[in-house]
Amino acid sequence: MFVTLFLVLMGYIVYFNVVKSEKIINSPYNTRQDTFSDRVVRGSILDRNGEVLAKTEVAEDGSEMRTYPYGEVFAHVVGYDVNGKSGLESAENFDLLTSNAFFVERIIKEFQAKKNTGDSVVTTLDAKLQTTAYHALGDEKGAVVVMEADTGKILAMVSKPSFDPNSVEDNWEYLNADNEQSPLLNRAMQGAYAPGSIFKIVTALEYIREQPAYGAYTYDCYGEITYDGTTIPCFNHIAHGFQDLNTSFANSCNSSFANIGLSLDRKSYAKTCKQLLFNSKLPSVLDYRKSDFSLEETSTSAEVMMTAMGQGDTQVSPYHMALITSAVANGGKLMKPYLVSEVTNYTGTPVKKNKPSVYKELMTAEEASILTQYMTSVVTQGTGMELSGESYSVAGKTGTAEYGSDGQSHSWFVGFTNVEDPELVVSVIVEGNEMQTGGRAIPVAKAIMNAYYYE
Amino acid sequence: MVNIIVEFSKYLLIVLMTVYTYSCFSVFRYEYEEDRQQILLRQNKLMFSIQLIAYGVMYLKTEKTEIIFFYLAQVILFLAVIALYTILYPNVSRVVINNMCMLLSIGFIMILRLNTEKAIKQFIFVGISMIISLIVPVVIRKMKSLAEWTYIYAGVGLAALALVAVFAVTSGGAKLGFSVAGISIQPSEFVKISFVFFVAASLRKSTDFKNVVITTAIAAAHVLILVASTDLGAALILFVVYLIMLYVATKQPLYLAGGMLAGSGAAVIAYHLFRHIKVRVSVWKDPFATYETGGFQVAQSLFAIGTGGWLGMGLCQGSPESIPVAAEDFIFSAIVEELGLIFGLCLILVCVSCYIMFLNIAMQLRNRFYKLVALGLGTCYIFQVFLTIGGVTKFIPSTGVTLPLVSYGGSSILSTLIMFAIIQGLYILREDEEEIIERKKARQLRDERRREAFQKETRKRKTKKEESYKQRIR
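Chains as they are written, first to last, in UniProt numbering: chain F, 1 to 455; chain V, 1 to 474.
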């Protein structure tokens, strides 16, 4: 009996070593690999075309310096190598400090008591798109995530305000003290924002699931809806008039969606949200914040109306919204998102590769195709018309998420290009400020798409 | 240059350990005494080679001369142990002796690498414990009334545990023992032995329902006191040992099932009752989420094992000192980090081979009391190995028990060596029994032959007499 117990134990240990150990030893709590750096020069981090995003330069006296040629542009996603590490510098620490150079060379260097060079991490990031996104956000606070729908490759991830990883150690106290701007926070992964109207993607999906006759839905919009003493206005109090589900979505009619919300089965609504990875773990190598969806059977009708149109207590990250959008674009299947396409030794010989894989089916292909149709209408006839008329097609959803008491609002856009065979998935948030309102996220998305198709 | 040697020695150590482990199991296959002798001798050679390489590497890396002295001292110690046992008790189980020395020497290597002071203390512990344990087999042989002292065992065990529960100093969240003249003693380590003797003595007398109930009540008292003094590991070990012994004594699967059920129920209640158990379980579920509040031990242990990988970092190349209590409860992680997982798996197999040997001995014993004692102590040993290795690899929640013979700790070393010596004593008893039987057989055979010879002789004499008589008549 005990012998079997031990066989199971040994099996578990082997399993741990083969499958789980790599993730565990990359934990930032593990300071073990730092001892590797006595014998290995930290490897480089590259973009998908071999552009250097981070490298270690060794001076003649043997002192080492980590440099980031793109400065602030890749600050959050590539991260920094000091003060506890962040981003890919933390997640890929083990590979960067492991040398798979040609073994003869390694032995020779050992004999000479010289350091070997660590492996290079080739990312899925695209320096061109990243730089475009960085500049498109300008001086606004906000975040951008760009992915490939059919592979899960993350092409760009920007968070603003940013910081210069080259001098993060010197500015550490200042960067940490700045609670107003919190430049060290990766807003793309860890930001918690009300989704605003982009949450109508989720509400529409739930309505389609509950009502087989969703095509027959109609609503007459007078610019606001009142139920149980709560009034929800449409944006700028525009009366949208006679709406079906498609036009409600395209025009982002709050009254209509509040009306839809009141008809939904709350339990089933919560289940759909769970399936879309709310309140759950997300696939990610970087630190992230779980999204909240808090509707329950006992919630008031006011909470239900607010939630259905994207206000209420719902909180999401730009990354999570990118994942949901990419599932819509990819026929309902969420590909496992990844940032590292391969690890090579310093001369470029591959050590290991990541291949695209399906993470989870978030919705059926049919549901995805209906949502795609609605999101196309947003661009052809609704709130996203700024994106029409290009050589590429776009499907998406705009959002304005109110926060604070003075009517400040965040501006959202999520969508994908080349609707027939989706290519880029873009998720953009531009945080509100006192000066401006309106769709400030759309120009950012458009700049990225233009850069991808025209440059 | 040193790095290359260290690197190369890493592979060499793994190969030597693998060969050793293989021989632990292959030795069971050989029928002939001569073949066995050869394997046992080879095991000794392998152990001394491992020691030579390991201490050599450590010396190269640290250049501390005390390593050389320590190496020589422990070589002498092991030679003495092997020699003394084989001279004093020619019938001893050599496989168990070899495994015992192997486990001790792996412990020495790792503890010395972690902390020289502790290694020297451990060396002294082992030396004294060895002398004490050498007497044990004689005691077993001479004291025929060991099986009669049922309630003395129970009384001593309960009293010792109660003392701990009331007076002991708390260390690491558990009340474990007290200091006498600068030496801290953990009575629970020795209560394991008295407990096994108690259960064996009690169940030898009778296995009727009434006696089972009484025995169970006293056993439960042991376990409850341990739980109350928060020594969960020991409580769990006694519980499992009791179940196994009860099952083997009664052959009643119902008792086993009932015991398991009661145990699970008690575990759930204990979980809700004691805060420290909740902490252990939440740490087990996710050591990283609870890193600040107690998860760091297990997390560091997993880092060590994960970073070590199959081949390990090489001696003095990792940072096992960052694991809390690395020399005690978490020594397995330290070993895997520096010597590699293959080495670690071999270590587990060596422990399992000890257990199989114990079971073998238990099976062959005819005396019911001795049989139960061997089985109980064997279970006690292997279950403790399981708890510690399972705990540090996050297979089960960590219970804070030591890896017998490998971990640092005087009480643990002494009690385990006594356990091994008792089983050796039983083994010798059986060998003696067999020898007596064989001698009897041989005597019978001789007697028969002698009788036959005598008869032949007399017949011859008769015929001679007759002939001479006839001749005379003529």
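A portion of the hints provided could be inaccurate.
[Unchecked claim] Listed below are the simulated DSSO-like cross-link pairs for lysine-lysine, each with C-alpha atoms no more than 30 angstroms apart in a straight line:
| no. | chain 1 | residue 1 | chain 2 | residue 2 |
| --- | --- | --- | --- | --- |
| 1 | F | Lys109 | V | Lys64 |
| 2 | F | Lys267 | V | Lys285 |
| 3 | F | Lys281 | V | Lys278 |
| 4 | F | Lys267 | F | Lys20 |
| 5 | V | Lys278 | F | Lys20 |
| 6 | V | Lys142 | F | Lys115 |
| 7 | F | Lys281 | V | Lys45 |
| 8 | V | Lys285 | F | Lys85 |
| 9 | F | Lys353 | F | Lys114 |
| 10 | V | Lys45 | V | Lys142 |
| 11 | F | Lys290 | V | Lys285 |
| 12 | F | Lys274 | V | Lys465 |
| 13 | V | Lys285 | F | Lys274 |
| 14 | V | Lys64 | F | Lys23 |
| 15 | V | Lys210 | F | Lys114 |
| 16 | V | Lys278 | F | Lys290 |
| 17 | F | Lys336 | F | Lys20 |
| 18 | V | Lys285 | F | Lys271 |
| 19 | V | Lys210 | V | Lys251 |
| 20 | F | Lys109 | F | Lys55 |
| 21 | F | Lys352 | F | Lys333 |
| 22 | F | Lys336 | V | Lys285 |
| 23 | V | Lys251 | F | Lys114 |
| 24 | F | Lys355 | F | Lys281 |
| 25 | F | Lys109 | V | Lys61 |
| 26 | V | Lys278 | F | Lys23 |
| 27 | F | Lys115 | V | Lys45 |
| 28 | F | Lys20 | V | Lys121 |
| 29 | F | Lys85 | F | Lys109 |
| 30 | F | Lys360 | V | Lys64 |
Don't read these hints as lab results, they were simulated from the structure.
All values derive from a computational prediction rather than experimental measurement.
- Item | Restraint status (C-alpha distance of Lys352/F to Lys333/F at most 30 angstroms) | 25 angstroms, holds
message = Please verify whether Lys281/F and Lys278/V have alpha carbons no more than 30 angstroms apart.
response = 24 angstroms, holds
Do the alpha carbons of Lys20/F and Lys121/V lie within 30 angstroms of each other, as the hint requires?
Judged against 30 angstroms, a Cα distance of about 37 angstroms means the pair is violated.
Has the given pair, Lys274/F with Lys465/V, been kept, meaning a C-alpha gap of at most 30 angstroms? 114 angstroms, violated
Take the C-alpha atoms of Lys355/F and Lys281/F, compute the straight-line distance between them, and say whether it is at most 30 angstroms. 21 angstroms, holds
Is the hinted pair Lys64/V and Lys23/F satisfied, with a Cα-Cα distance of at most 30 angstroms? Answer violated: Lys64/V to Lys23/F is near 37 angstroms, above 30 angstroms.
### Message
Given the hinted pair Lys142/V and Lys115/F, is their Cα-Cα distance within 30 angstroms?
### Response
65 angstroms, violated
* Asked: Within a Cα-Cα threshold of 30 angstroms, do Lys210/V and Lys251/V meet the stated pairing?
  -> 16 angstroms, holds
Please work out if Lys45/V and Lys142/V have their alpha carbons no farther apart than 30 angstroms.
Judged against 30 angstroms, a Cα distance of about 34 angstroms means the pair is violated.
Can you confirm whether the C-alpha distance between Lys251/V and Lys114/F stays at or below 30 angstroms?
Distance ~66 angstroms between Lys251/V and Lys114/F Cα, so the pair is violated.
Q | Given hint Lys64/V paired with Lys360/F - CA-CA distance at most 30 angstroms | A | With a Cα-Cα distance of about 57 angstroms, the restraint between Lys360/F and Lys64/V is violated, given a limit of 30 angstroms.
Checklist entry - Going straight from one Cα to the other, do Lys285/V and Lys85/F come out at no more than 30 angstroms? => result Holds - the C-alpha atoms of Lys85/F and Lys285/V are around 25 angstroms apart, at most 30 angstroms.
Of the numbered hints stated above, those contradicted by the structure are hints 4, 6, 7, 10, 12, 14, 15, 23, 27, 28 and 30, listed in ascending order.
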